[in-house]
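Chains as they are written, first to last, in the numbering used here: chain X, 1 to 121; chain S, 1 to 111.
Just so you know, the hints here were simulated from the structure itself, not pulled from any lab data.
Where hints are given, some of them may not hold.
What the hints assert, rightly or not - According to the in silico footprint, chain X covers these stretches of chain S (three or more CB under 8 Å from chain X):
hint	stretch
1	43 to 49
2	98 to 111
What the hints assert, rightly or not - Far from chain S, by Cβ distances over 10 Å, these chain X residues were calculated:
hint	residue
3	Lys18
4	Asn28
5	Val52
6	Lys69
7	Gln85
Ideal placement from N, C-alpha and C gives every residue a C-beta, glycine not left out.
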Amino acid sequence: EAQVTQNPRYLITVTGKKLTVTCSQNMNHEYMSWYRQDPGLGLRQIYYSMNVEVTDKGDVPEGYKVSRKEKRNFPLILESPSPNQTSLYFCASSKRKETGLGNFLGGFGYTFGSGTRLTVV
Amino acid sequence: QKEVEQNSGPLSVPEGAIASLNCTYSDRGSQSFFWYRQYSGKSPELIMFIYSNGDKEDGRFTAQLNKASQYVSLLIRDSQPSDSATYLCAGNSGGSYIPTFGRGTSLIVHP
Numbered sequence: 001e002a003q004v005t006q007n008p009r010y011l012i013t014v015t016g017k018k019l020t021v022t023c024s025q026n027m028n029h030e031y032m033s034w035y036r037q038d039p040g041l042g043l044r045q046i047y048y049s050m051n052v053e054v055t056d057k058g059d060v061p062e063g064y065k066v067s068r069k070e071k072r073n074f075p076l077i078l079e080s081p082s083p084n085q086t087s088l089y090f091c092a093s094s095k096r097k098e099t100g101l102g103n104f105l106g107g108f109g110y111t112f113g114s115g116t117r118l119t120v121v
Numbered sequence: 001q002k003e004v005e006q007n008s009g010p011l012s013v014p015e016g017a018i019a020s021l022n023c024t025y026s027d028r029g030s031q032s033f034f035w036y037r038q039y040s041g042k043s044p045e046l047i048m049f050i051y052s053n054g055d056k057e058d059g060r061f062t063a064q065l066n067k068a069s070q071y072v073s074l075l076i077r078d079s080q081p082s083d084s085a086t087y088l089c090a091g092n093s094g095g096s097y098i099p100t101f102g103r104g105t106s107l108i109v110h111p
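For reference, chain S alone in the conformation it holds in the complex (with noise of 0.2 Å):
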């Protein structure tokens, strides 16, 4: 059973502050990783996509893949109020067509 683990949270971090996002992945043959951004009663909206070993950089993102660790992260600089909302994380294995969600992490930013 390929899983992608998140902790549930919540996550409260204050305004400004860096918000750190992890996920954990149990097959090794996992190549691609996607961040969902969530907004309560919303659908999720993709964030960003990570393949190789190290950091990317999107703006205020960014995610950070560890294939040695199986390890996921995103992290959320100057973090805003309107961050506020649940983090998905997904994995896709090589010759796999079907994603593994994790069940999101909730993120509050508070003022």
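Pulled out of the complex, with its shape left as it was, chain X reads as follows (with noise of 0.2 Å):
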């Protein structure tokens, strides 16, 4: 099955405490990104990665790291949480689209993970 998916699903951690979020998909897409969502704000991306190797910052990155090692895994770290950083967590992937204007991912929309509830406290 095609799929995206983040572990834990649920995670209650302690303000200053590492902690990493994995995301994996097994669709072999180049495009992968995280975005967090809270209540009144949406979707708002946090880091993005158009292929291995290659990351960028979002709207929101404070505060966050990626790595993107391998095509199929791109995790995300909180090296110090804070309570600001509780909400909920998505991962999504998505197939590069080439087009004669140029090239641009996510073309064919997002495929999202089920989602991590993060609470900092």
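From the two separate chains plus the hints, produce the assembled complex.
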């Protein structure tokens, strides 16, 4: 089954304790991204990756790190979590779509993981 | 700042009616648009994408794009209570790798 797998689904942690949320996709997608979703604020992009070893900041990257050593995996790292990082997190992936006007990713839409609900106390 | 705007709702329609969800965008360079459905506590699920002006139909869903008016909509025919969810609109500029999401419209279909 084609899917994006995130782990864990739920996590409660304490301020300052490093954590990693894993994300893996089995669709050979080039593009992967992390979002957080908060009430009233919608989906906000944290980091994205266009391919292996290529990552870039989204709208809200502060306090997060990512890596893309393999095409299928895109872990999200919180080095020193704080309560304002309490949120619902989604990993998403997409196949690259090439057009005559140039290449862009996400042209076929995104497949999202099931989400990770993180609480930092 | 590229923006995608949606009315947060809730939009309430009776079962069997047509639900009309609307989205406007600020970036005239946007070329691709997507509609996602998100049930409470679940992840967004892609319903449709549309690139060209006009209508695109898929089952009970029709996406409409008007680039001159910078407007995209989603029509759901024969609405069912199971369609009750938040619907997210997203747009990509032609050369951008970063999609912009609207904040979503809550749809309630009542029996």
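So, going through the hints one by one against the coordinates:
| no. | hint | result |
| --- | --- | --- |
| 1 | 43 to 49 | holds (count 5) |
| 2 | 98 to 111 | holds (count 6) |
| 3 | Lys18 | holds (25 Å) |
| 4 | Asn28 | holds (18 Å) |
| 5 | Val52 | holds (15 Å) |
| 6 | Lys69 | holds (20 Å) |
| 7 | Gln85 | holds (19 Å) |
Consistency note: the structure conflicts with none of the earlier hints.
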